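The whole structure should be built from the sequences, with the hints applied where relevant.
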Amino acid sequence: MKKILTITLVLLVISSAVFAQGNQETSKTVTENYSFGGSSTVAPIANSAIPAFEGKNPNTKISYETLGSSTGISQLMEGTLTLAGSSRVLKDSEIDAGCVPTVIALDGITVGVNETVTVSNLSMQQLKGIFTGEITNWNEVGGSNQKIEVILRDEASGTRASFEEIVHNKIAPKQNSIVAHENGDVASKIAATPGSIGYIGMAFGSIITEAGGTLLTVDNVEADVANVLNNTYPISRSLYVVTMGNPVEGSIEKAFIDFLLSEEGQEIVEENQFIKLN
Amino acid sequence: MAKTQRKNNLRKATESGSRAILLLSAMISIIAVFLIIVFILGQALPTLKQVSLKEFFFSTTWYPTQDPPHYGVASFIVASFEVTLIALILAIPVSLSATIYLSQFAKNKLAKILRTSIELLAGIPSIIYGLFGLSAIVPFVRNVFGGNGMSLLSAGIILAIMILPTIINLSEVAVSNVSQDLINSSIAMGATKWQTISRIILPAAMSGIVSSIVLGLGRAIGETTAVLLVGGNAPVFAKKPIDMGRTLTMNIITDMAYATDTHRSALFMTGALLLLVILILNLCVVEISKRKRLEK
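So the sequences go chain by chain: Z and R. Residue numbering for the first sequence follows the working numbering, beginning at 1 and increasing consecutively. Residue numbering for the second sequence follows the working numbering, beginning at 1 and increasing consecutively.
Bear in mind the hints are in silico, worked out from the structure with no lab data behind them. All values reported here derive from a predicted model rather than from experimental measurement. Beta carbons: idealized from backbone N, C-alpha and C, even for Gly. Heads up, none of these hints are tricks.
Counterexamples of contact, computed for chain Z against chain R with all Cβ distances above 10 Å:
id, residue
1, Glu32
2, Asn57
3, Leu216
The calculated lysine-lysine pairs, modelled on DSS-like cross-linking and capped at a C-alpha distance of 30 Å, are:
id, chain 1, residue 1, chain 2, residue 2
4, Z, Lys147, R, Lys240
5, R, Lys239, Z, Lys174
6, Z, Lys61, Z, Lys254
7, Z, Lys170, R, Lys49
8, Z, Lys170, R, Lys54
9, Z, Lys276, Z, Lys128
10, Z, Lys174, R, Lys54
11, Z, Lys56, Z, Lys254
12, Z, Lys147, Z, Lys170
13, R, Lys193, R, Lys109
14, Z, Lys276, Z, Lys56
15, Z, Lys174, R, Lys240
16, Z, Lys147, Z, Lys174
17, Z, Lys170, Z, Lys276
18, Z, Lys91, Z, Lys276
19, Z, Lys91, R, Lys49
20, Z, Lys174, R, Lys49
21, R, Lys107, R, Lys193
22, Z, Lys128, R, Lys239
23, Z, Lys254, Z, Lys276
24, R, Lys239, R, Lys54
25, R, Lys193, R, Lys112
26, Z, Lys170, R, Lys239
27, Z, Lys91, Z, Lys128
28, Z, Lys128, Z, Lys147
29, Z, Lys174, Z, Lys91
30, R, Lys239, Z, Lys147
31, Z, Lys91, Z, Lys170
32, R, Lys240, Z, Lys128
33, Z, Lys91, Z, Lys254
34, R, Lys54, R, Lys240
Selected chain R positions facing chain Z (in silico; Cβ < 8 Å):
id, residue
35, Tyr63
36, Asn148
37, Met150
38, Thr254
39, Ala257
40, Thr260
Structure below.
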């Protein structure tokens with residue numbers, strides 16, 4: 001009898017804790033919550049745009065989760081997110097599923113090398129050769145006799161996908177390469193490895209130089225904003241936000257996209273060292 | 001009268017109530033292990049729709065985002081065991097010597113300092129070991145052995161340092177549990193201190209020492225952050241210890257944040273494999289310590 005009593009007591013305590021949480025959640029819905037997320041490259045833009053946007057739309061609470069382009073888009077399709085950031089072009093399968101991309105900014109990919117490398121410019125063809133493993137020594141591209149250590153990003157990185165698409169036509173990169181799993185890791189591995197070469201989103205180029213690496217020109221063009229805009233810098237790409245179906249007039253997602261494309265939104269793009277659209 | 005009865009009832013209620021709570025807490029760990037296995041397997045099994053077990057375990061080609069994708073983890077399995085082997089080869093002699101010194105020779109103050117520093121070593125977060133490896137061990141390996149320094153050897157060296165405290169602490173317990181009578185008898189028979197250590201103490205403590213080594217092995221094979229920073233992380237089959245390589249843990253952490261679909265479940269499959277290895281190792285420890293009890 002007493003045993004039953006204590007068990008019910010314990011259950012009661014546990015269930016009350018659970019219900020208490022439930023109540024908290026229902027009381028929060030006075031303000032409207034939206035979950036956005038996706039590309040880590042789009043994250044700085046989203047994270048500075050959201051507070052400004054929330055300021056204009058009281059009772060709206062938006063979160064942006066940094067998940068990576070692919071995960072963001074798949075969660076958008078699952079309905080977990082209502083808007084996804086992407087740093088790569090959508091796959092056909094994603095477009096067929098109803099995803100609609102909107103360009104919100106431009107970005108370039110910067111190539112950096114370890115300070116021991118004497119080369120300061122590479123052509124797109126040379127870059128392709130280096131990253132696919134055909135060129136293995138710096139003396140083949142006008143440098144000193146030093147082995148080239150290629151540094152890649154992880155398999156699912158948007159930057160890697162863009163780099164592969166733009167620079168080496170989706171040919172598989174050299175397998176025997178160092179693999180860095182985030183931007184900071186790229187910078188520290190470039191700095192730590194003699195003869196190394198790696199790439200990073202243009203906005204993060206400074207962390208390579210801060211870590212002690214140097215940035216290269218590509219086809220004799222410097223990796224900077226002006227050169228992406230006038231289409232002379234070859235390794236550049238668009239950043240997108242993605243919605244399921246065309247953004248609906250009057251929805252918070254449509255309002256957010258309009259905000260990103262507005263003058264104020266584009267200023268935020270620029271503040272985060274990406275390239276604004278016009 | 002009624003008052004004491006009520007008091008008694010209350011006491012009984014608190015007692016069985018607290019026992020229920022204790023039981024629940026004890027159950028949580030069982031439930032957690034069970035849930036972990038179920039969920040990891042649940043996420044891992046969809047891999048088999050795309051990849052055969054044979055390809056997964058025996059292919060060395062890992063190209064999850066190429067067209068067509070390849071999901072072979074053979075080189076990662078080998079690399080995991082290779083770094084662990086290097087770590088054990090380096091750590092066992094050092095930690096056993098340290099254990100013998102601590103238990104048989106070290107006196108008072110020095111012993112205290114040594115023990116404190118070993119405990120400190122155990123408390124250092126693995127990212128710190130990784131950063132130390134990147135700034136000290138990688139250049140050391142590059143200058144002494146060649147290559148770019150990021151290698152399975154560097155990873156093994158870092159792991160060796162990391163598992164020292166595990167092996168030393170546990171085997172010291174085993175050594176100090178050897179009965180003093182046994183040691184005294186040995187000395188009384190005219191054995192030297194060294195003979196006593198090598199023929200009496202070490203054999204008597206052997207099962208404890210072996211289980212400490214197996215636990216160290218488990219820690220080494222499961223370590224992620226530190227080896228990620230120094231191993232190079234190239235998804236290739238390392239032919240020599242100074243080549244770059246990728247272990248099972250590195251493979252999971254590198255792609256996990258962004259992976260989707262089969263790529264993602266292949267990472268869970270890698271995790272399931274790792275879990276299996278660790279479970280087998282733990283069963284070994286249980287077996288070994290059982291044998292120890294029988295000996296007594």
